[in-house]
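Which chain is which? The protein sequence lines are P and R, in order.
Each residue of the first sequence is one higher than the one before, starting from -11 at the first, in the working numbering.
Each residue of the second sequence is one higher than the one before, starting from -11 at the first, in the working numbering.
Be aware that a few hints might be false.
Heads up, the list lumps identical chains together, so a pair's fine if it works in one copy or across two of them.
Stated by the list, open to error - Using 16 Å as the maximum straight-line C-alpha spacing, the simulated EDC-like pairs for lysine to aspartate or glutamate come out as follows:
#: 1; residue 1: K192; residue 2: D388
#: 2; residue 1: K383; residue 2: E193
#: 3; residue 1: K69; residue 2: E166
#: 4; residue 1: K393; residue 2: E74
#: 5; residue 1: K332; residue 2: E166
#: 6; residue 1: K40; residue 2: E166
#: 7; residue 1: K310; residue 2: E74
#: 8; residue 1: K217; residue 2: D358
#: 9; residue 1: K219; residue 2: D328
In case anyone wonders, no lab produced these hints; they're calculated from the structure.
Protein chains: 2
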Amino acid sequence: MSKNVIYAQSGGVTAVINASACGVIETARAHPGRIGKIYAGQNGILGILREKLIDTSLESDTDIARLKFTPGGAFGSCRYKLKKAEENPTEYKRIIDVFQAHNIGYFFYNGGGDSQDTTWKIANIAKSMNYPLVAIGIPKTVDNDLPVTDSSPGFGSVAKYVATSIREASYDIASMAETSTRVFVLEVMGRHAGWITASCALAKEYADDAPHLLLLPERPFNEASFLDKVKITVARQGYCVVAVSEGVRAENGNFLSETGMRDAFGHAQLGGVAPFIANLVQTRLSLKVHWAVADYLQRSARHIASLTDVEQAYAVGKAAVKYALEGENTIMPIIHRLSDKPYKWEISKVQLSEIANVEKHLPEDFINKDGYGITEACHNYLLPLIQGESPVPMKNGLPDFVRLKNRLIEPQLPPYAV
Amino acid sequence: MSKNVIYAQSGGVTAVINASACGVIETARAHPGRIGKIYAGQNGILGILREKLIDTSLESDTDIARLKFTPGGAFGSCRYKLKKAEENPTEYKRIIDVFQAHNIGYFFYNGGGDSQDTTWKIANIAKSMNYPLVAIGIPKTVDNDLPVTDSSPGFGSVAKYVATSIREASYDIASMAETSTRVFVLEVMGRHAGWITASCALAKEYADDAPHLLLLPERPFNEASFLDKVKITVARQGYCVVAVSEGVRAENGNFLSETGMRDAFGHAQLGGVAPFIANLVQTRLSLKVHWAVADYLQRSARHIASLTDVEQAYAVGKAAVKYALEGENTIMPIIHRLSDKPYKWEISKVQLSEIANVEKHLPEDFINKDGYGITEACHNYLLPLIQGESPVPMKNGLPDFVRLKNRLIEPQLPPYAV
């Protein structure tokens, strides 16, 4: 007898999370004998708690295929962490009630480490309540900080975006430096792990190329040493390009972005380590500085996505359904690297218990001696992940993204406030 | 008898100024009977004053063709304004001396309004000194604020970049708004004119689409009205996307970016109207805000350049040489629009005296009634400028830009300090 599916998206979205959705839905549609309806949670787990389930059967095959080219979370995502089962048993009971009401046999949760903690908790509660459920995680995070998997879908596209952007901006700065901007600072994401910042270094073709300095969250910020490096670089190259992680901390452990920037009313300024660094360079070294903060632009830049990343995002979605049909449970498909040159990978799997709430930082041997750059090992790891183009269909000069109907099904249960 | 050429780049560079350089060099190379050597000034007019002239004949046809795909200024640019002839006659005499020493008959200066003031001054001084010179301007500016020309090469590509980026980020925000960011602020360039900010509105497909609010430099910032608009938009749409020009001013005429953001040491913060707006929204409306500052990323984003813009940049370079050979002088080729739908354009020309130091702002009938959006007339004007893709050759997953040899010729004159 066929069972129904719920797929949901969780946590910060990416340029390719919808490619995973596409992989799940296309694969599930190909098995009508074993899989019935394919629902999507509206805004992740919240849609399940509220019984706000999207009927994806109303979306055409064409529109589902277009998900591969559409950034953001097509069904809505959320930041919502389930409490422990003993702290909020009602919440868990509600999830199982919703599964039961809609004959759900398969739950696919697409998210990072926090989200896979949710998948795992739900799997456990289903087991303890004797509800037959296949719960499978699907990896996603621009931060690339999921353990076990060689890389995380979403990351390769951000890496390609930041490396492209910093290379382009560096051509600009190089040509103007003598009479204009000497130092350029690009702030990128990755609050705890320096993967995205490290990827900026892929823009270098030769040793003296920009970016000249990386400020990684794995290294505490040393003002004197940093300013010295900037000074030396400007003296030698005429300009200096810096990539800084939003999560860089001072030696006392505070985020640099929280080191006291205030507006005229005394309000603490929101985020922004780039303006902090820029200010420092300008006031201490009297050099003209420009800065950019890529913020959401980097994680939604589908137009410059990495084909490798798109293919891997699709593959983990597809594999999640395949594993489910093969009888696997409480696992997550992962990317397993077979070789760097040529780059070869395959899909493998990991137990959810091994990945929930674990963060993978840049390993020590990926950071160079002075702490402001990456090693060859890091370069060899990163380079394959940005390979290949995946051009977006264009309409009227702009990317033509799909908007799904996202029609909700009739609820069967009383409302539940969350 | 053939005369030599000096081409030079001036002011802020763009994603397509090198396409103009390519147009000049390819066209000049096609007329060996009338044009001898083609030199480029190293860092604009500074290279002429210093007699630092690049011999472009050492660059292969292939590399010159690759300029079409390379952002920044391939020969270096500068921010340097000539004084009036009576204030610094030595400087003008030096320029003519350099022209004379290298048998220069043609001077092509590629820049915006300030730069064309330089072209014009040089033309006048040559005339007054009886030095036979053809001085022709080539338009360039991301700000689109040059008068007479329908649009400025460089602008269409920024317009395409900002509209693409804000559409992509909006898909991200829309999917996360319920439990995460409610308001997103993107800061774009255009200190005096709102053309780039207005272009963000091209991302809208339907009336309620993002971006919901534009903050144009043509309108003083009204805090109460703006916050009200944000509140209403969030209530209706669930989120609000704001595009803000770096040049927005408070009602007292001060730039918002100068309204007193200070770091812990009391230093005024550099630029950044986006963090100012973000702070305002968060403190007054208690809504979660994210912000991005595109800065140089927008004007160097060759990877998402508009084909129309690339073609026009090339065309004005080519036309500059054609006009010169036809006996024109002290003019600048411009884009003349023949129709909106279908978009048709041709190259025309304008006297340098008509464009030097004039700025073109958004006309009143391009700004909608409440001041936070654009009219249909503006949309019809902007849309053709972002049409068409011009993909960059890629290598190792990143744009493959050309680096010229930029070999300097032997100086003939004593050094000149500037």
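Structure-based check of all given hints:
{"no.": "1", "hint": "K192 x D388", "verdict": "between (32 Å within a copy, 12 Å between copies)"}
{"no.": "2", "hint": "K383 x E193", "verdict": "between (34 Å within a copy, 11 Å between copies)"}
{"no.": "3", "hint": "K69 x E166", "verdict": "between (51 Å within a copy, 14 Å between copies)"}
{"no.": "4", "hint": "K393 x E74", "verdict": "neither (37 Å within a copy, 69 Å between copies)"}
{"no.": "5", "hint": "K332 x E166", "verdict": "neither (44 Å within a copy, 39 Å between copies)"}
{"no.": "6", "hint": "K40 x E166", "verdict": "between (58 Å within a copy, 14 Å between copies)"}
{"no.": "7", "hint": "K310 x E74", "verdict": "neither (33 Å within a copy, 81 Å between copies)"}
{"no.": "8", "hint": "K217 x D358", "verdict": "within (10 Å within a copy, 49 Å between copies)"}
{"no.": "9", "hint": "K219 x D328", "verdict": "neither (36 Å within a copy, 51 Å between copies)"}
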